[in-house]
Amino acid sequence: MDILDSLKVNVQNAFKELGHEVQLNDIIIEVSKDPTHGDYATNCAMKFSRFFQTNPRAVAELIIPKLDMSSIDKVEIAGPGFINFYMKQDSLSKIVNEVITKDASFGAGEKKNKKINVEFVSANPTGLLHVGTARGAAIGDCISRILAFNGYDVTKEYYINDAGMQITHLAESIYARYLQELGMNAEMPEDGYWGDDVIDIAKQLIQEKGKDLISMDDAERMEFLKQYGIKLELGRIIEHLKAFRVEFDVFSSEKAIRADNAIEKEIKFLGDNVYQDDGALFLKTTNYLDDKDRVIRKKDGEYTYFMPDICYHVNKLSRGFDNLIDVLGADHHGYINRMKSALMMHGYDKDVLHIELIQMVRFLKNGVEFKASKRSGDAITLHEICEEVGVDAMRYFFAMRAASTHMDFDMDLAKEQSSNNPVYYSQYAHARLCSVLETGKDIKLDVSGSLLKEPSETELLKNIAKFPKVVEDAGNTKSPYKITNYIHDLAESVHSFYNCCHVIDRDNLALSGNRLALCKATKIVIKNALNLLGVSAPEHM
RNA sequence: GCGCCUUUAGCUCAAUUGGAUAGAGUGUUAGACUACGAAUCUAAAGGUUACAGGUUCGAGUCCUGUAAGGCGCGCCA
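Just so we're aligned, residue 503 is where the first sequence starts under the working numbering, counting upward by one.
Misleading hints may appear alongside valid ones.
What the hints assert, rightly or not - Derived lysine-lysine pairs resembling PhoX-like cross-links, with alpha carbons at most 20 Å apart:
1. LYS518 <-> LYS549
2. LYS535 <-> LYS946
3. LYS604 <-> LYS955
4. LYS786 <-> LYS852
5. LYS535 <-> LYS964
6. LYS852 <-> LYS596
7. LYS1029 <-> LYS964
8. LYS711 <-> LYS744
9. LYS767 <-> LYS800
10. LYS801 <-> LYS770
11. LYS971 <-> LYS604
12. LYS980 <-> LYS711
13. LYS590 <-> LYS535
14. LYS852 <-> LYS955
15. LYS728 <-> LYS713
16. LYS568 <-> LYS549
17. LYS964 <-> LYS590
Just so you know, the hints here were simulated from the structure itself, not pulled from any lab data.
Input sequences plus hints: build the corresponding full structure.
As structure tokens, this is what we get:
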């Protein structure tokens, strides 16, 4: 049991002796920011003062004599009723051995035996991925990594919209380019895709098939072009995502979801929730969370995108997932209650589906907003920006802020800042530790940590001990930025420690062994944390 | 008009989910390498937490109202 948990249990037992049952989760132990407030503190005397009909400080007076002091050096009451803990040195320093023993698994949560499906990116395969999707890709991937580390069984999934109108437009665009490349007259369709990628596809098509397509009948050619286009576009998307260190476990196709009359069966299942009005079919989502009923089949007999999406979500749940997470752009927020309503018609709780909204990123070029669209083909691609800025910097940047914040991405700054980027601050801490360990590799490590007494050493010990709690919190709140903030704090205490404590002293091998062990433990934690963000932990920079 | 998100230091963001003197980065100013990596460190300055009320031992955080910005409100996806 780690130091924070044992303090919680300690406090819980003290309450029990006083005749009050308190939930472990309701006891908050915080790491004191100010050293004059001890190492750790709890507000529980204030929080539960109502049990005792007296003021918080008096409650603290009651609790303190009941505490088990075996790992605590000193306790004091402060301010309005905080209880500050001053820990015995060895109870803090034993974390060194624990981290080194657990190594890559330090910080990991216990197996939860729960399956979570995280769906993200899911961009239409009609062009290259642009930077706008990068934030969702980074955050979705980080959430998946964090949840997996927390002990959940995570499946990363990509939904391919391969049955809608966009794909038809893609096929038409490819054919127009194909004819043009063959020197014939052809106009691009009105809703066509003008990017260079479509021209590339047309060229490749000519190499493989020559002029064969011209003689095909319309329906056959259309079907062929759709499949061909999807295959190539999706192939490049996957390739670029892989370069961004994002890989999926499952790809689901809308076409496959629609197969076997799945939609008709679903409508039958929805039964009384479906009604006809003005020639269209509506779903009575207002019976649940929505403020408006939604059309599922248009007057012309076509289904709206909402309908197969319902089938898709039901399909995911039928595969045995306990929870679904969708990572969506904030412009889809109207979609949340509608989808939850549909799932509630299946008897699911509204919370089986969590939708993580990613706020828009505004791209600035020379200080001016840069609007780009995929259709016109002038969008900046994910691939381009990765090459210019670097994957580590990109991922760190997107993982740095809460998903709900509207953020600006300044292209010029991103490039120029590369040596000034916060990611290097954290990576440098790791590289520095590696370097020290290399220099002192002949000195025997002392994992007892018994000689670590400097304030900057204590600070470091408390910070690495906190890691499992940070991971848990980041998982529960699906907030990668909490990991990023933590890494920054940790790196700060590393640099601070490094500057005031000389690690390798050949005249004091005992102390050196202690400090090298601390370096090793810290290095492990930084690496584990960076890994949750998909950012590398270099040994040299 | 309705709904969602946002508003905290000059700028970009935190604040352990209601706790102690609201913290980091960046920018500004002043210092620190003949020791393990100066992509670093140590300081200083910078705040009426958009505004007005309310709830309580205690509010940046919760409630009500106001203002500003973004995004939605389609038988598009």
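Hints, one by one, checked against the model:
1. LYS518 <-> LYS549: Cα-Cα ~15 Å, so holds.
2. LYS535 <-> LYS946: violated, 33 Å
3. LYS604 <-> LYS955: Answer violated: LYS604 to LYS955 is near 24 Å, above 20 Å.
4. LYS786 <-> LYS852: holds, 16 Å
5. LYS535 <-> LYS964: With a Cα-Cα distance of about 11 Å, the restraint between LYS535 and LYS964 holds, given a limit of 20 Å.
6. LYS852 <-> LYS596: Distance ~44 Å between LYS852 and LYS596 Cα, so the pair is violated.
7. LYS1029 <-> LYS964: With a Cα-Cα distance of about 17 Å, the restraint between LYS1029 and LYS964 holds, given a limit of 20 Å.
8. LYS711 <-> LYS744: Distance of about 29 Å is beyond 20 Å: violated.
9. LYS767 <-> LYS800: holds, 17 Å
10. LYS801 <-> LYS770: holds, 18 Å
11. LYS971 <-> LYS604: holds, 16 Å
12. LYS980 <-> LYS711: violated, 48 Å
13. LYS590 <-> LYS535: With a Cα-Cα distance of about 18 Å, the restraint between LYS590 and LYS535 holds, given a limit of 20 Å.
14. LYS852 <-> LYS955: Given pair LYS852, LYS955 is violated - Cα atoms ~51 Å apart, limit 20 Å.
15. LYS728 <-> LYS713: holds, 17 Å
16. LYS568 <-> LYS549: holds, 18 Å
17. LYS964 <-> LYS590: The hint holds at about 12 Å.
In this structure, the earlier hints numbered 2, 3, 6, 8, 12 and 14 are contradicted, and the remaining ones agree with it.
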